[in-house]
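Participant: Using the hints provided, position chain B relative to the given structure of chain A.
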Amino acid sequence: MQLENLLAPLPSTLVTTLALMVLVLPLLSFIINLHNSKKFHGEWISSLILFTCFLLSVYLFLQVWGQEAHHFRFTWFRLAVGSAAYPFTAGILINDLSALMLVVVTLVSFLVHIYSIAYMRHDPHFIRYFAYLGLFTFSMIGIVMADNLLTIFMFWELVGLSSYLLIGFWFIKKSASNAAKKAFIVNRIGDIGFLIGIMVLWSQFHTLDLIALKSLMADSKIMNGEWLSTFSLSNNFGQTLMPEMWITIAGIGLFCGAIGKSAQFPLQVWLPDAMEGPTPVSALIHAATMVAAGVFLLARVFPLLDFQVLNLIAFVGAVTAFMGAFAAFAQNDIKKVLAYSTISQLGYMVMGIGVGAYEAATFHLITHAFFKAGLFLAAGAVIAALHGVEPYLKNDGKPVTLDFQDMRLMGGLRKKLPFTFIIFLIASAALAGIPFFSGFLSKDAILTSSLGYARVLAYEGNPLFYVVPILGFTTVLMTAMYMTRQIILIFFGKNRLPAFIDKPADAIKNLKDVPWLMRIPMAILALLSFGIVFALNPFASEGSWFLQGIDSVALVTPNPFQSYDSNDVLRNLMLYVSQDFHYYVSIGSTILAFLGIIISIYFYNPAKFSRQPKPPGFLARISYHNWYLDKIYDKVFVIPALKLSGWNAAIDRKIIDPFLEGLAVANVVLAHIIGWIDKNLIDGMVNYLARVTRMFAKLFSKVQSGQVQSYYIWALLFLMGLLLWVMF
Amino acid sequence: MITITHYLIISALLFSIGIAVALTKKNAIMVLIGIELVFNAANINLVAFSRYDQTMLQGQVFALFIIVVAAAETAVALAIILKLYHHYRSTELDKINQLKG
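Order-wise, the sequence lines are chains A and B.
Residues in the first sequence are numbered consecutively from 1, following the working numbering.
Residues in the second sequence are numbered consecutively from 1, following the working numbering.
So that you can see chain A by itself, here it is in the shape it has in the complex (with noise of 0.2 Å):
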């Protein structure tokens, strides 16, 4: 392969600069809202401006659809190894999926601005906050169209930036600093696969560009076990060599970043505690910034992976979606259960991708974006609802402080807030993956992939590979259940407020629903939660505009198994077996959506709910500590390490310190002796020799009277001795 072709500069083009425009212009709210003053309104300004944006990418998306992806490089620099200047190009890639997401997050971006002017109206650092929100979308803007891993790689970490000041944008409370610290660490571990991923591709095709990477890795052969890439450059010719394993261990790599970023097993424990930002900001990292981005990067890096780390993606996806479902069931706080749902769909997505259905993962990434931020600003709406009957707490000489998110408190609000009921319904519903609605579509057809992949690989005997769709199928019914015992908890039965109220009657009344300028984002998104958005027919997924339109990608990495041609092929069969299932899993994942409901319902019956629950069993215990991960990450390496460090500050303190301090000691003890020495003996020698120097001086100076007559006598005393010394 011809490096320099492969690498050389594109052109921009009206789209590509269009879409730097996009990329700026957030930055460009994040600077303006840097200072700190009401006056100046700038969360009107920023709002403005990411309408620009979304204005901006439907154009985009209208030009890209279906077309050519459009390509801008430059050379940024060049690194020399050995004889050779490798060119490292960077510049924007605008494909169909990055478009599409695109709008997707300068939409939900969009609105979660005009949704927190009167969320936060409050806040006394209101403008800041919008600040971090220009920022954090700048920051996923740029992982969607950047062209290579390195800069995609910059624009990830400052999504986790961004994510830190957000989640800890109330620092003032300990429990908000310490979950932006913990999303913050927990996705550096993430980032630490994500950069040894990167350097593995380095090292074998000396670019991160995604075009040309594709390219190098469909052209890279493996022979006897090892990884043969070649290629030449400015007429050098040279090859790399590695072994094999290499290739999937540069996608774990890869795939360790997204776990950290999108919460997957073992690192989602994160993303529950980052419930302490702001809800809008929950909206807006759940559904279209920060965990889609790990999604989105596996969706970019998808030719590059085989079908081990696929084979891994699917088990940690399927895993992930039962983990979260199950988490979900115990939770008291209304934003934790949208949590534990986020993780679980993301583990959809997740798993998805590891099935080799990258069309219905994005798919599903998209249609989740919508329902889920829907979801979490209705639930916004419900805490900032609940906010009005604050003044008529019970006050028995100390204040009383509830915590309003607690869905303990609730119940019954179905008919106080009609609308957001209606929109929690929705959103709901399409979570659920109720027929009609969004989620059902793009949840089918992860579940059909999942069920042909299954079956082609099971085929050669290893019925291990059936737990993956069904762990799936499972979380379709966990989460109808969980999702239907939380809107009878908030909605449904009597309301529990008045134990806690002066005087209820005027609370009650006091409750309404939230002002039009948080309505409006809720009912977009709502809408785009209904199926007939994105399909004609409700049932037929495949006839979707999205699935119909998005480009196909194809695996090229070299195929290590001997008995199918490459990998494509058996991703390709996987897809063509997946068909026979469609019907059956339409139909299938209909009727447990609706088991679980109805099975929900039974359960959580509001008659039955008592203020003081029974102590919960061991099931819950687990689903409300979220299966002690916790616990468990304290126990073998919070604590460990915190000890080890605690050994590393003793010795540090008791040895080192000392050692160090006598060393300076000794030191100081020497220069004085040194000092002594060169005060005394050398200043003295040479102060010395100047004082003998100038006695000298003095005498013979006095020689010299300036008295001609002196010189005369001296004269005269000096002829005679010589006459003296001359006649004896």
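Simulated from the structure, these hints should not be mistaken for lab results.
Treat the hints with caution; some may be incorrect.
[Claimed, not checked] Simulated restraints on C-beta separations:
(1) A:ASP678 / B:ILE80: 51 to 59 Å
(2) A:LEU681 / B:ILE80: 52 to 60 Å
(3) A:SER705 / B:MET1: 43 to 51 Å
(4) B:MET1 / A:GLY706: 15 to 23 Å
(5) A:ALA671 / B:HIS87: 53 to 61 Å
(6) A:TYR688 / B:VAL76: 42 to 50 Å
(7) A:MET720 / B:MET56: 27 to 35 Å
(8) B:LYS95 / A:LEU681: 42 to 50 Å
(9) A:ASP678 / B:LYS95: 42 to 50 Å
(10) A:MET720 / B:ASN97: 20 to 28 Å
[Said to hold, decoys possible] Simulated coverage check for chain B against chain A, where a stretch passes if three residues somewhere in it have a Cβ under 8 Å from a Cβ of chain A:
(11) 47-55
(12) 90-97
We treat Cβ as the ideally placed atom computed from N, Cα and C, and that holds for glycine.
Facilitator: Relative to the frame of chain A, chain B by itself:
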């Protein structure tokens, strides 16, 4: 009979007086006069000893030379003293000691 010894005694006296004047007088001109006496003491010696050189009379010739040179030298010395006087408004050698080390 006037022997050479008389000349030498006169010469020695003159020399001693000249030295004494040159060393003790404050005035630069007096010192110059003392030096002239020393010159003439030497001249007397030269002339006295030229008695033993009847043919060439080298001593007398040399004395003449010295008289001429001494005249020139005195002229120069007087000029210097004049300049000194202009500069210091004094001819007292005690006060002119700027070359003191």
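Participant: It remains to establish, for every hint, whether it holds in the given structure.
Facilitator: Right, here's what the structure says about each hint:
Checked against the given bound of 51 to 59 Å, the beta carbons of ASP678 (chain A) and ILE80 (chain B), roughly 54 Å apart, stay inside it. Taking 52 to 60 Å as the suggested C-beta distance range, the pair LEU681 (chain A) and ILE80 (chain B) conforms, at roughly 54 Å. Distance hint for SER705 (chain A) and MET1 (chain B): a CB-CB separation of about 48 Å, consistent with the stated range 43 to 51 Å. Take MET1 (chain B) and GLY706 (chain A): their Cβ atoms lie about 50 Å apart, and the range 15 to 23 Å is violated.
About 59 Å separates the C-beta atoms of ALA671 (chain A) and HIS87 (chain B), a value consistent with the hinted range of 53 to 61 Å. Against the hinted window of 42 to 50 Å, the Cβ-Cβ separation of TYR688 (chain A) and VAL76 (chain B) comes to about 48 Å, which satisfies the hint. Checked against the hint of 27 to 35 Å, the C-beta distance between MET720 (chain A) and MET56 (chain B) comes to roughly 31 Å, which is consistent with it. At about 48 Å, the beta-carbon gap between LYS95 (chain B) and LEU681 (chain A) stays in the expected band of 42 to 50 Å.
Checked against the hint of 42 to 50 Å, the pair ASP678 (chain A) and LYS95 (chain B) passes, with Cβ atoms roughly 49 Å apart. A hinted range of 20 to 28 Å holds for the C-beta pair MET720 (chain A) and ASN97 (chain B), which are about 25 Å apart. Counting residues of the segment 47-55 of chain B whose CB lies closer than 8 Å to any CB of chain A gives 0, which falls below the minimum of 3, so the coverage claim is violated. For the segment 90-97 of chain B, the assignment as covered by chain A holds, since 4 residues bring a beta-carbon within under 8 Å of that chain's beta-carbons and 3 suffice.
Comparing the model with each earlier hint shows violations of hints 4 and 11; every other hint is respected.
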